[in-house]
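Asks: Below, each chain spelled out in residue letters.
Number of protein chains: 2
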Amino acid sequence: MSSFFEIENKKEKARLGKCYTSHGVFKTPCFIPDATLGAVKTLSIEDLHSINMQIVLGNTYHLMIRPGMEVLEKSLGLHKFMNWDGPILTDSGGFQVFSLGKIRKITEEGAIFRDHLSGNKILLTPEKSIQMQKVIGSDIMMVLDECVASDSSYSYFKESIDLTYRWAKRSLTEARNGKIVNNPDQKVFGIVQGGKYDDLREYSLSKITSLDFDGFAIGGVSVGESREDKFKVMNLIGDKLPEDKPRYLMGLGYPDEIIEGVKSGIDIFDCVIPTRNARHGQIFCNLKFNSLDDYSYDVINIRNSKYRFDFSPLDENCDCYTCRNHTKSYLRHLKSVSDILGMKLLTLHNLNFYMRLMEEIRRYLA
Amino acid sequence: MSSFFEIENKKEKARLGKCYTSHGVFKTPCFIPDATLGAVKTLSIEDLHSINMQIVLGNTYHLMIRPGMEVLEKSLGLHKFMNWDGPILTDSGGFQVFSLGKIRKITEEGAIFRDHLSGNKILLTPEKSIQMQKVIGSDIMMVLDECVASDSSYSYFKESIDLTYRWAKRSLTEARNGKIVNNPDQKVFGIVQGGKYDDLREYSLSKITSLDFDGFAIGGVSVGESREDKFKVMNLIGDKLPEDKPRYLMGLGYPDEIIEGVKSGIDIFDCVIPTRNARHGQIFCNLKFNSLDDYSYDVINIRNSKYRFDFSPLDENCDCYTCRNHTKSYLRHLKSVSDILGMKLLTLHNLNFYMRLMEEIRRYLA
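Residue numbers (my numbering), protein chains in the order written: chain A, 1 to 366; chain B, 1 to 366.
Calculated from the structure, these hints are not laboratory results. Every residue gets a Cβ at the ideal spot worked out from N, C-alpha and C, and that includes glycine. The reader is advised that the hints may include incorrect statements.
Part of the chain A face toward chain B, derived, beta carbon under 10 Å [said to hold, decoys possible]: (1) Thr36; (2) Ala39; (3) Asp47; (4) Val71; (5) Phe81; (6) Met82; (7) Thr209; (8) Thr322; (9) His326; (10) Ser336; (11) Ile340; (12) Leu345.
Could you put together the complete structure from these sequences and hints?
Replies: Have a look at this one:
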């Protein structure tokens, strides 16, 4: 049996690798789109295959509320439920508890909150998060961590790191307790926090990496942080994460931010940007990639009136269904009449842009 | 060159036939889905091909407003604009003027209204409608008619029939004036009106069929009419329309209404029901068809909580992508979280149901 993660090549800090799961291999550096509620919004599984999507991300918090764990249990996990047979990574639910949940309270035991739909009071503990991720049956589970507001005090961050560490230990124990639900081969990743404080990032790193996780993530980089702070954190921490395990930067980002992450030694990225921005008409195109330091791309808004009579595709060099079949003029029209097909065609294109970007990066690192 | 319409077989009044257009043949009896604004809502062209869609319907009124005739002119017609190379039928715009337009006034010249989006005052004449349909480049154009409210008086209906007749003559003249824009082979259909008054239907029939149209439609059957009145009109008029030309019942209907129409001798149907109802979760399934008088099907609402743990497809015997890949439980979930993918998967299924229904009808008539 091969190990979970293999590094095939390196250029400076940047790594080319492969992750092996029981639902297939994914090549790194890798971008993961959000399949928040069991679907990458607007796209069918066939659409995902058409752009060589390797792995998708499910949100435990959202899935817990709808369809609920009972449904996922009876459907034998999320893979079967959504009919996706590739790898799935799930978050812990923590991020949404902090961004969507109401009246939250953090105790040693876990996070108490009211869900954003029904208002039901829920206690999410590290153990419960792992138990739910076992029901979901994801290939990579994330531990519950406290997502601290970026403007919190130094002392709050420090205490939080200790709590997150104790939660991480409990999560790992739960993950490795031998209880198999819907997937006998689930990996579990720890998360380094610490905000923008260099010494706290180092402190969190030393605590979390002392635990025997299958991979490590950097958290708290996507939310309300400046671009400068994000880059500082990745550069500080990226390459200090264990060499032999995959490194995951949570919730990032724009193409140039991803490239910056790769340069810092990160292997895995996820973000709502390509999908959410597509639904708002913001399109990535015209990628020219020579190296991690020499590249360019365009960002256009398809709603712009200058595309009204533009009968060329979004991107002459893109091989996605949208670019092979439709013009900017038509896509602008669908967007302006809010047609659902338009959202799908634009989402497909943007995700294919990200897939091509990652492919170019991997080719460069080979 | 073959003629436009060929009857291959008959069973009582019901006819099996073929319509030849420069964008391909479509077999009748035939159902046409609405591609209102240049897209069958939620579905790509690839999706339409996957369920053997023969022909789609464009709404001249909507296309006039968005994207506008200037865009359609520069894109060399709707086929190229939406990248659909099969046949297209367009309505005259009249129906939407009467249902969506504001402050409308009917004069001998045409219909004056304010469009429902910008409030711009527009005069739609029979000639302008045909001119726009020439820009659209549809394979079948419809004449502008007055769509009279079903509760109007007998005398209003009678006057309207005379006006609609004069408009029909002007439309035909415009259609046959030799001016080719984006499609050299456009057919044009006249429309029989008359509401629920038998003698007025006969009167309208005799006037309209005295003109040399390529086909004939029955109008005013979809809007605010009782099921009883609809059936009465089709049975009265259906088989009195010229034998050698295609017959089109506008805006109808549910599967059993379509079967009733076929029995009355109608060849072509269009309706928003399969697509709009799909978006609301109403699903057609489990078709059992032996003959035009011996058939059954189910209508279910996928939002029903009883499907929460139902891991079977919508329809065991359906070959659409949705039924081959997804369970009721998953579709119910997507519907309950208002996911766009759900709307697409349900739309695809419902349209495939209609396609299978028409296929069964044609097999029976062969």
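Asks: Hint numbers the structure violates, sorted upward?
Replies: Number 7 only.
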